[in-house]
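Dock chain B against chain A, hints included.
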Amino acid sequence: MSKKCCSDDHQHKHDSESQISVQDFLERRSFLSVLIAIGGAVVTGILSVPILRYVFHPVFAKTTEIGWSEVGPSSDFTTLPKPVKKVIHVEQLDGWRKIISEKAIYVSRTAQGELRVLSPICPHLGCPIGWNDDLNQFKCPCHMGTFTPDGTWVSGPPPRGMDGLDTKIANGKLYVKYEYFRSLSPKKEAV
Amino acid sequence: MNSFKKLWNWLDQRANLNNLLTVALKEPIPGGPSWSYVFGSGLIFIFTLQALTGVLLAIYYTPSADHAYTTVAYISKEVASGSLLRGIHAYGSSAMVIMVVLHLSQTFLWGAYKGRREVLWLSGCALLTMILGMSFTGYLLPWDQKAYFATAVGTSVAGEVPFIGDLIKRFMRGGSDMGTLTLSRFFAAHVLFLPALIAGLISAHVYLFRKAGAAGPFTEDPVTPKSKMGYFYPKQLLMDIALAAFVIAVLAVIAATYPAELGPQANPADTQFLGRPEWYYRPMFQWLKYWNPPYTVIGIMVIPAIVGALLAGAPFLDRKLERRPWKRPLAVALYAFVLGGLAFMGWQSYRDDDNMPTVKAQIIAQDEETQRMMATPFEPQLEGTAHAEASPAQLSAAAETGKALFMRNACFACHGQNGVGGRGPRLIGIGSRMSSDQVFELLRRPRAAMLAGGMIPSPLKDDDLRALIEYLKTLK
Chain A
440 MSKKCCSDDH
450 QHKHDSESQI
460 SVQDFLERRS
470 FLSVLIAIGG
480 AVVTGILSVP
490 ILRYVFHPVF
500 AKTTEIGWSE
510 VGPSSDFTTL
520 PKPVKKVIHV
530 EQLDGWRKII
540 SEKAIYVSRT
550 AQGELRVLSP
560 ICPHLGCPIG
570 WNDDLNQFKC
580 PCHMGTFTPD
590 GTWVSGPPPR
600 GMDGLDTKIA
610 NGKLYVKYEY
620 FRSLSPKKEA
630 V
Chain B
11 MNSFKKLWNW
21 LDQRANLNNL
31 LTVALKEPIP
41 GGPSWSYVFG
51 SGLIFIFTLQ
61 ALTGVLLAIY
71 YTPSADHAYT
81 TVAYISKEVA
91 SGSLLRGIHA
101 YGSSAMVIMV
111 VLHLSQTFLW
121 GAYKGRREVL
131 WLSGCALLTM
141 ILGMSFTGYL
151 LPWDQKAYFA
161 TAVGTSVAGE
171 VPFIGDLIKR
181 FMRGGSDMGT
191 LTLSRFFAAH
201 VLFLPALIAG
211 LISAHVYLFR
221 KAGAAGPFTE
231 DPVTPKSKMG
241 YFYPKQLLMD
251 IALAAFVIAV
261 LAVIAATYPA
271 ELGPQANPAD
281 TQFLGRPEWY
291 YRPMFQWLKY
301 WNPPYTVIGI
311 MVIPAIVGAL
321 LAGAPFLDRK
331 LERRPWKRPL
341 AVALYAFVLG
351 GLAFMGWQSY
361 RDDDNMPTVK
371 AQIIAQDEET
381 QRMMATPFEP
391 QLEGTAHAEA
401 SPAQLSAAAE
411 TGKALFMRNA
421 CFACHGQNGV
431 GGRGPRLIGI
441 GSRMSSDQVF
451 ELLRRPRAAM
461 LAGGMIPSPL
471 KDDDLRALIE
481 YLKTLK
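Read top to bottom, the protein sequences are chains A and B. Following my numbering from start to finish, the first sequence increments by one per residue and tops out at 630. Following my numbering from start to finish, the second sequence increments by one per residue and tops out at 486.
Chain A on its own, in the form it takes in the complex:
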């Protein structure tokens, strides 16, 4: 052990500790190392649960959701000689905001008198379907697909009939859940 004084860098100071090998230095005092590992685990443990919940929140909670839109008093739709076009306000939850947009829908009744609310989006390629009074049919202006007043496919390229939307009646009012469906598919699938 040199007793040389005044070296300002005491990392170079020689004593017995600095002679031991790297491996031995890191591996000794295993009881304290266990405590260190426990301490590290406590810190990580306290933090990891809330962090995982927080980060995965949108994976498990509904953060983008379309709510029910009011169509009008249900008494307006008790008898429908032909489909009526309605403009609804669709509220879509998008994280911390709610986007309100206007969408058109058709309210119609089947031959049996069953209420149907139809999306005007053509299941072929997504054009807006219009009601044609002269033909008493829905007709898509893009590729001339036609549908009956209750939306059943009649002719043209669309792979299925017009898409019905979920409805409910509450407090005497008709509500509809606006949705989009996959085009070009023979099966109705929400997207």
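Since the hints were made in silico from the structure, they are not lab data. Hints may contain errors.
Said to hold, decoys possible - Footprint (simulated), chain A over chain B, 3 or more residues, beta carbon under 8 Å:
(1) 90–96
(2) 241–255
(3) 274–282
(4) 384–393
Quantities reported herein were computed from a predicted structural model and do not represent experimental measurements. Even for Gly, the Cβ is constructed at its ideal location relative to N, Cα and C.
The following block gives chain B in isolation, referenced to the frame of chain A:
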């Protein structure tokens, strides 16, 4: 040899891990580990914690005056564990200030700035100002009343600086008034600029610390320590980790018990609101009350500059190698005087508020309002094209009259058809931000900023004005 060791050796041969670990852990400490030395790594732990929780908050936060408040409310009320993590981050700033005071006090009292440690000390002083900058910029980000008015006061103080005060104020605010530009600037400073500076300064601070070596007990020679060397690993590391576990546990308990507050959204038109800074800025806030023109400059510049220079200059002014506190009465007394004075002024600030009945009542009212806001469920922010038309039939008779007045008097020309979208301020949600009387007052006597924007004092009769306000309250 087990497989972990094999992997470790494989990595070690390529990345020199053992050497790296040894350099990190085999830090010599004269006289061995001690609880007195935990505060520096405590600060690094809290900085890491703040960086981590800050990044997490950024997942949902939006830095714009239109959305900041809603997104913070969303984090606090909707996102799983959001309130807890935001609480840890918010209270973490207090923990940071406390830890900084402990670290500074320990270093100062131990005379650990002596013996070729001037640059190390200066880098620490720079870090101290960065930390105060972090808490100042972070406080604005929730964009609630407290945040807004505390920052309005803080930036006004900067405006008192002679000659260049107005320039500084406008630079900080991004204009003469507080607004969305202020928020963007504070956000960029808080999450990009300052953290980058701090990370760099911490590296420099730790590097300089390792170069100078741990100073050890105050009986030790600061240049050539004589006591037997202990090492950072394992005992000091264990103490440091124990402190980290204690800090995170305390923060988690406080954040879970007292959720971080979010009051009403910032409302620049509110003339009643009393802006009060965070507790650690209270001494400065109180100090400024004592200095009135023409002496303001002494209070906000000259004396703080002297104190700052004395602090930063400590290793240059106090050049003796003597480290025992009782042998350095002047330095210790000065330090205790400044710290004690700050504590006293902080206490005085709270006492003054408490002694003025109107102030006390206003602060209590503000706190109650905050508690009410926190108890209300989260309301998503409406956006889109069809706001008010969504429920036209639900207007009361007065509101119908008001709507007609809104159209006839061309309010919509500036404020938009439905109270949003024009060049004037958006009116949607005004009912939740102000009372009818406040709106009434503003319409009769618009503030200077409103007049400058083209607003005119309303010429309507009282009844009509009330009807108009009824309509404005329906805008959501």
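Results for each hint:
Residues of the region 90–96 of chain B lying with their CB closer than 8 Å to a CB of chain A number 5, which satisfies the three-residue condition for coverage. Closer than 8 Å: that is the beta-carbon criterion, and the region 241–255 of chain B has 10 residues meeting it against chain A, so the requirement of 3 holds. With 0 residues having a Cβ less than 8 Å from any Cβ of chain A, the region 274–282 of chain B misses the three-residue criterion, and the hint is violated. Only residues whose beta carbon comes within less than 8 Å of a beta carbon in chain A count, and the region 384–393 of chain B has 5; three or more means the coverage holds.
The structure fails to meet hint 3 from the earlier list, while all remaining hints are met.
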